[in-house]
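**Student:** Here the protein sequences come in this chain order: A and B.
The first sequence begins at 1 in the UniProt record's numbering and counts up by one.
The second sequence begins at 1 in the UniProt record's numbering and counts up by one.
Source of the hints: derived by calculation from the structure; they are not laboratory data.
From the three backbone atoms N, C-alpha and C, an ideal C-beta is built for every residue, glycine too.
Check the hints yourself; a few may be wrong.
Heads up, simulated BS3-like pairs for lysine-lysine below, C-alpha to C-alpha not over 25 Å straight-line [unchecked claim]:
(1) B/143 / A/244
(2) B/143 / A/219
(3) A/47 / A/197
(4) B/143 / B/11
(5) B/11 / A/145
(6) B/297 / B/28
(7) A/244 / B/304
(8) A/234 / B/335
(9) A/196 / A/47
(10) A/227 / A/103
(11) A/219 / B/11
(12) A/227 / B/297
(13) A/227 / A/65
(14) A/196 / A/49
(15) A/234 / B/304
Here are a few chain A residues that face chain B, going by a calculated C-beta distance under 8 Å [said to hold, decoys possible]:
(16) 89
(17) 219
(18) 224
Chain by chain, the residues run as shown.
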Amino acid sequence: MNIIVCLKQTFDTEAKIQINSSGGIDSTGVNLVINPYDEFAVEEALKLKEAFGGTVTLVCMGREKAQEALRTALAMGCDQAVLICDPALVNADEWVVAEVLAKAVGQLPFDLILTGRIAVDDGSGQVAVRLAEALHIPSVSSILKLEAEDGKATVTREIDGGTELIEVSLPAVFTAQKGLNIPRYPTMLGIMKAKKKELKVLTLTDLDMAVETAVPKMKCLSCSLPKPRTGGKKLDYQPSEAAKELARLLREEAKVI
Amino acid sequence: MLEGLVTEDIKPEGIYVILESAGMEIRKVSLELLSKCREIADLSGEVLTAVIAGKETERFAQKAAAYGADRVILLEDDRLALYTTGAYTSVLNRLIRKENPKAVILGNTAVGKDLAPRLAQRLGTGMASDCTGMEWDERYFIKFSRPVYGGKAFLEAVSDAYPIMATIRPNTFALGVEDDNRSAEVIRESTEIDGEDLRAIVKDIAMTVSQRPELIEADIIISGGRGMKGPENYQILEACADVIGAAVGASRAAVDAGWIEQKFQVGQTGKTVSPTLYIACGISGAIQHLAGMGSSKVIVAINKDPDANIFNLADYGIVGDLFEIVPLLTEEFRKL
Ligand SMILES: Cc1cc2nc3c(=O)[nH]c(=O)nc-3n(C[C@H](O)[C@H](O)[C@H](O)COP(=O)(O)OP(=O)(O)OC[C@H]3O[C@@H](n4cnc5c(N)ncnc54)[C@H](O)[C@@H]3O)c2cc1C
Numbered sequence: 001m002n003i004i005v006c007l008k009q010t011f012d013t014e015a016k017i018q019i020n021s022s023g024g025i026d027s028t029g030v031n032l033v034i035n036p037y038d039e040f041a042v043e044e045a046l047k048l049k050e051a052f053g054g055t056v057t058l059v060c061m062g063r064e065k066a067q068e069a070l071r072t073a074l075a076m077g078c079d080q081a082v083l084i085c086d087p088a089l090v091n092a093d094e095w096v097v098a099e100v101l102a103k104a105v106g107q108l109p110f111d112l113i114l115t116g117r118i119a120v121d122d123g124s125g126q127v128a129v130r131l132a133e134a135l136h137i138p139s140v141s142s143i144l145k146l147e148a149e150d151g152k153a154t155v156t157r158e159i160d161g162g163t164e165l166i167e168v169s170l171p172a173v174f175t176a177q178k179g180l181n182i183p184r185y186p187t188m189l190g191i192m193k194a195k196k197k198e199l200k201v202l203t204l205t206d207l208d209m210a211v212e213t214a215v216p217k218m219k220c221l222s223c224s225l226p227k228p229r230t231g232g233k234k235l236d237y238q239p240s241e242a243a244k245e246l247a248r249l250l251r252e253e254a255k256v257i
Numbered sequence: 001m002l003e004g005l006v007t008e009d010i011k012p013e014g015i016y017v018i019l020e021s022a023g024m025e026i027r028k029v030s031l032e033l034l035s036k037c038r039e040i041a042d043l044s045g046e047v048l049t050a051v052i053a054g055k056e057t058e059r060f061a062q063k064a065a066a067y068g069a070d071r072v073i074l075l076e077d078d079r080l081a082l083y084t085t086g087a088y089t090s091v092l093n094r095l096i097r098k099e100n101p102k103a104v105i106l107g108n109t110a111v112g113k114d115l116a117p118r119l120a121q122r123l124g125t126g127m128a129s130d131c132t133g134m135e136w137d138e139r140y141f142i143k144f145s146r147p148v149y150g151g152k153a154f155l156e157a158v159s160d161a162y163p164i165m166a167t168i169r170p171n172t173f174a175l176g177v178e179d180d181n182r183s184a185e186v187i188r189e190s191t192e193i194d195g196e197d198l199r200a201i202v203k204d205i206a207m208t209v210s211q212r213p214e215l216i217e218a219d220i221i222i223s224g225g226r227g228m229k230g231p232e233n234y235q236i237l238e239a240c241a242d243v244i245g246a247a248v249g250a251s252r253a254a255v256d257a258g259w260i261e262q263k264f265q266v267g268q269t270g271k272t273v274s275p276t277l278y279i280a281c282g283i284s285g286a287i288q289h290l291a292g293m294g295s296s297k298v299i300v301a302i303n304k305d306p307d308a309n310i311f312n313l314a315d316y317g318i319v320g321d322l323f324e325i326v327p328l329l330t331e332e333f334r335k336l
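Go ahead and model the full structure; you've got the sequences and the hints to work with.
**Tutor:** Structure, rendered in structure tokens:
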């Protein structure tokens, strides 16, 4: 079974966010990691490979630095990686990313594609579903369980208020939700092996894509930091008094009960 | 002329809200969106259309009108009885291409998150996800505001292509006044579905039977973290939740300990919630938890550690043992 995992490098979830002088998000000194949800996708792909054989190929659109995230996933056991890195993609929106990934994926043999349900940086959760559309294949979002066989998969997905069992023809795209599995750590041996694995870096030209086809549909006018929340009232009374006062304040002052 | 107008010959017109139903009711988030889009329609002079896909959709039409829709389009088909990405994308894509709306708005629900990007890609347009702001704007028609990095920053986003699409986080906008004197033109549209779009079949649905509100739409949430000490203690929160009509949530620590199911997890790798009141019990207030509940309007913290970070965010805090405080609080709520 040939599996593709689309992976993104994101800020560490602990990262402090600052705005730089040109009004964008400042990335200097920020620790970068594999998007946490994409780790579930990598793990699931490796489990499928262990069961069925085949290859796991990583595909990523990002900066040069994203090679680090790809090496980590290779060290977990993936076979090869492709990074699409082009200065023309700096302001890419989800539409552009999906088109670019579809081009890159289209050059590879695959039975299914796995990725995280959302990236914790932009929080947009669009790319995987758009990628499926660009490739004209089905997709199932937020999966908690995956059983694949020849030409078909049965998946459990999370919906609001419950779960749904879905049968879908392959190839298809699946987005991983927490609960799907527990990602493994790279081993020392894995890290050594990863150094020799193929990691191709491609530009738009390599994908036969003209820069003009990578024009975003959405644009960001400005970035801002939220007003910091400041601690409010601490109710320093005996427990029963504190509970009474809290109930009163929620009703009379905050008017939320 | 607006920048980036894609259809040169036919001008895009109107605001469309794709409604979602849960059982016999239109979901609250859909009504919130109708209320807000009514305001934008009035400011911009656009017509507001509600679109309902499914089976027996007619029963939702009057409610949509009462919350502001000028027109209600019904897409009625047995194959739409259950949501599937393919079938819904197929019928909505056809409808939108035919009607050429200026904006298409959905709720950021499980369905909205799955449907909107697929539809946007098929329509060749952009989309803003999980917005916590949406305002009429003379130049861009609608300006969206959306959190990034788990709410540690916000972007102001606009679209250069039509239709302008977005999903909006539940509880972002207040419900308007339901006006039963309002009526809407009700239109039935044909529903052709491409064969290619029927490649995923729903075999089974398991809904959790609960009297409590759905977490992402709940007005009040009471959450428990590692301080809950064990699964049995969630009864304390449930008892309180039932008195104030709240949903129950949890931190990742509690989920990972196996005390409560994953679907209750609030945070970066859990649900994003935006209630009017969030009561955090035995939760330290880690940045990843905050990412999921930081947009709550009022935050209450009950924690025995006076230095817990949650007190830096909470509007009201009680330093104390939750096993003592929460039952007392439940009693006080009962008296209100
Ligand atoms: C990539 C990544 C993603 C993550 N995603 C999430 C996420 O989605 N959601 C999430 O919540 N976390 C997430 N985390 C974990 C997060 O960093 C914290 O570990 C977690 O939120 C801690 O949960 P907690 O506050 O319940 O536990 P703790 O931090 O252990 O806090 C427990 C609190 O309970 C208090 N307490 C104990 N006993 C009592 C008592 N009897 N009465 C009152 N108070 C008491 C303690 O004083 C303490 O403050 C993520 C972490 C990473 C690295």
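**Student:** Now tell me if each hint is right for this structure.
**Tutor:** Going down the list of hints, with the structure as the test:
| no. | hint | in the structure |
| --- | --- | --- |
| 1 | B/143 / A/244 | 43 Å, violated |
| 2 | B/143 / A/219 | 10 Å, holds |
| 3 | A/47 / A/197 | 19 Å, holds |
| 4 | B/143 / B/11 | 19 Å, holds |
| 5 | B/11 / A/145 | 45 Å, violated |
| 6 | B/297 / B/28 | 18 Å, holds |
| 7 | A/244 / B/304 | 18 Å, holds |
| 8 | A/234 / B/335 | 22 Å, holds |
| 9 | A/196 / A/47 | 22 Å, holds |
| 10 | A/227 / A/103 | 41 Å, violated |
| 11 | A/219 / B/11 | 21 Å, holds |
| 12 | A/227 / B/297 | 13 Å, holds |
| 13 | A/227 / A/65 | 31 Å, violated |
| 14 | A/196 / A/49 | 20 Å, holds |
| 15 | A/234 / B/304 | 12 Å, holds |
| 16 | 89 | 15 Å, violated |
| 17 | 219 | 6 Å, holds |
| 18 | 224 | 5 Å, holds |
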